[in-house]
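Undergrad: Position 10 (the sequence shown) corresponds to 10 in the UniProt record's numbering; numbering is contiguous.
Hints are supplied without guarantee of correctness; some may be wrong.
To be verified - Straight-line distance between alpha carbons at most 25 Å, and here's what the computed SDA-like set of lysine to any residue pairs gives:
id	residue 1	residue 2
1	K53	R29
2	K69	E45
3	K69	I58
4	K69	M55
5	K53	R33
6	K27	S43
7	K53	W3
8	K69	N44
9	K53	T31
10	K27	F39
11	K53	F39
12	K69	E21
13	K27	E59
14	K53	V8
15	K53	H4
16	K69	R11
17	K27	S12
18	K53	A70
19	K53	D30
20	K27	H4
21	K53	D28
22	K53	G32
23	K69	S12
24	K53	V24
25	K69	E15
26	K69	R33
27	K53	E15
28	K69	E16
29	K27	F60
30	K53	E21
31	K53	A9
32	K69	H4
33	K69	D7
34	K69	E22
35	K69	F39
36	K53	T64
37	K27	W3
Bear in mind the hints are in silico, worked out from the structure with no lab data behind them.
Small disclaimer: the values here were computed from a predicted structure and weren't measured.
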Amino acid sequence: LAWHTDDVALRSKFEEFGAVEEAVVVKDRDTGRSRGFGFVRFSNEDEADAAIKGMNEIEFDGRTIRVDKASERGSGGGGFQSRGGYGGG
Numbered sequence: 001l002a003w004h005t006d007d008v009a010l011r012s013k014f015e016e017f018g019a020v021e022e023a024v025v026v027k028d029r030d031t032g033r034s035r036g037f038g039f040v041r042f043s044n045e046d047e048a049d050a051a052i053k054g055m056n057e058i059e060f061d062g063r064t065i066r067v068d069k070a071s072e073r074g075s076g077g078g079g080f081q082s083r084g085g086y087g088g089g
């Protein structure tokens, strides 16, 4: 993601594909600055798949982004990867 992209812009863009439950730009915990990627969670996996197809390798906020399904964390995961969680950056 572009360094200036915020949660609101991320949510707004991905809502074109369906109901977004959560959209978060990941920030450095020390500086509070964007780390250049984020996560979007949809309530519906079909909408999440449409977002991947519609947003991957396109320009958003001045930067070409890559969108794919978030990988599973270790045991006890949960979070963004459940119910259609997709990351991009």
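Undergrad: Evaluate each hint against the coordinates.
TA: Verification of the supplied hints:
At most 25 Å may separate the alpha-carbon atoms for a hinted pair to count; K53 and R29 exceed this at roughly 31 Å. Restraint check: the Cα-Cα separation between K69 and E45 comes to about 10 Å, which is no more than 25 Å; the hinted pair holds. Between K69 and I58 the alpha-carbon distance is near 16 Å, which keeps this suggested pair within the 25 Å criterion. Restraint check: the Cα-Cα separation between K69 and M55 comes to about 12 Å, which is no more than 25 Å; the hinted pair holds.
Our distance criterion of 25 Å between C-alpha atoms is broken by K53 and R33, whose separation comes to about 28 Å. Proposed proximity of K27 and S43 is supported: the alpha carbons are some 24 Å apart, at most 25 Å. The straight-line distance between the Cα atoms of K53 and W3 is roughly 23 Å, inside the 25 Å bound, and the hint therefore holds. Of the supplied pair hints, the one linking K69 and N44 holds, its CA atoms being roughly 13 Å apart against a limit of 25 Å.
About 33 Å separates the Cα atoms of K53 and T31, which puts this hinted pair outside 25 Å; it is violated. This hinted pair checks out: K27 and F39 have alpha carbons roughly 11 Å apart, not beyond 25 Å. Restraint check for K53 and F39: the C-alpha separation of about 16 Å stays at or below 25 Å, so the hint holds. Using a Cα cut-off of 25 Å, the hinted pair K69 and E21 holds, with the two alpha carbons roughly 15 Å apart.
Restraint check for K27 and E59: the C-alpha separation of about 21 Å stays at or below 25 Å, so the hint holds. Distance check on the hinted pair: K53 and V8 sit about 21 Å apart at the alpha-carbon level, within 25 Å; holds. This hinted pair checks out: K53 and H4 have alpha carbons roughly 24 Å apart, not beyond 25 Å. The straight-line distance between the Cα atoms of K69 and R11 is roughly 16 Å, inside the 25 Å bound, and the hint therefore holds.
Taken as a hint, the K27 and S12 pair is honoured in the structure, with Cα atoms around 19 Å apart against an allowance of 25 Å. Proposed proximity of K53 and A70 is supported: the alpha carbons are some 14 Å apart, at most 25 Å. A distance of roughly 34 Å separates the Cα atoms of K53 and D30; the hinted pair therefore is violated under the 25 Å criterion. For the given pair, K27 sits about 11 Å from H4 by alpha-carbon distance, which is consistent with the 25 Å threshold.
For the hint linking K53 to D28, the alpha-carbon distance of about 28 Å lies beyond 25 Å, and the restraint is violated. Distance restraint check for K53 and G32: the Cα-Cα separation of roughly 30 Å exceeds the 25 Å cut-off, and the hinted pair is therefore not satisfied. The hinted pair formed by K69 and S12 meets the criterion: a straight-line CA distance of about 19 Å does not exceed 25 Å. Taking the CA atoms of K53 and V24, the gap is near 20 Å; set against the 25 Å cutoff, the hint holds.
The hinted pair formed by K69 and E15 meets the criterion: a straight-line CA distance of about 17 Å does not exceed 25 Å. Distance hint between K69 and R33 is fulfilled; the C-alpha atoms sit about 24 Å from each other, no more than 25 Å. Proposed proximity of K53 and E15 is supported: the alpha carbons are some 14 Å apart, at most 25 Å. Between the alpha carbons of K69 and E16 the distance comes to roughly 18 Å, so the proposed pair stays at or under 25 Å and holds.
Taken as a hint, the K27 and F60 pair is honoured in the structure, with Cα atoms around 18 Å apart against an allowance of 25 Å. For the hint pairing K53 with E21, the CA-to-CA distance comes to about 19 Å; that is within 25 Å, so the pair holds. Of the pairs offered as hints, the one joining K53 and A9 holds, with about 19 Å between alpha carbons and a cut-off of 25 Å not exceeded. Under the criterion of a C-alpha separation no larger than 25 Å, the hint pairing K69 with H4 is consistent with the structure, at around 23 Å.
Using a Cα cut-off of 25 Å, the hinted pair K69 and D7 holds, with the two alpha carbons roughly 18 Å apart. With a C-alpha separation of about 15 Å, the suggested pairing of K69 with E22 holds against the 25 Å cut-off. Annotation: proposed proximity of K69 to F39 holds, straight-line Cα distance about 9 Å (limit 25 Å). Distance restraint check for K53 and T64: the Cα-Cα separation of roughly 14 Å lies within the 25 Å cut-off, and the hinted pair is therefore satisfied.
For the suggested pair K27 and W3, the alpha carbons sit about 10 Å apart, so the restraint of at most 25 Å is met.
Hints 1, 5, 9, 19, 21 and 22 from the list above are not met by this structure, while the remaining hints are.
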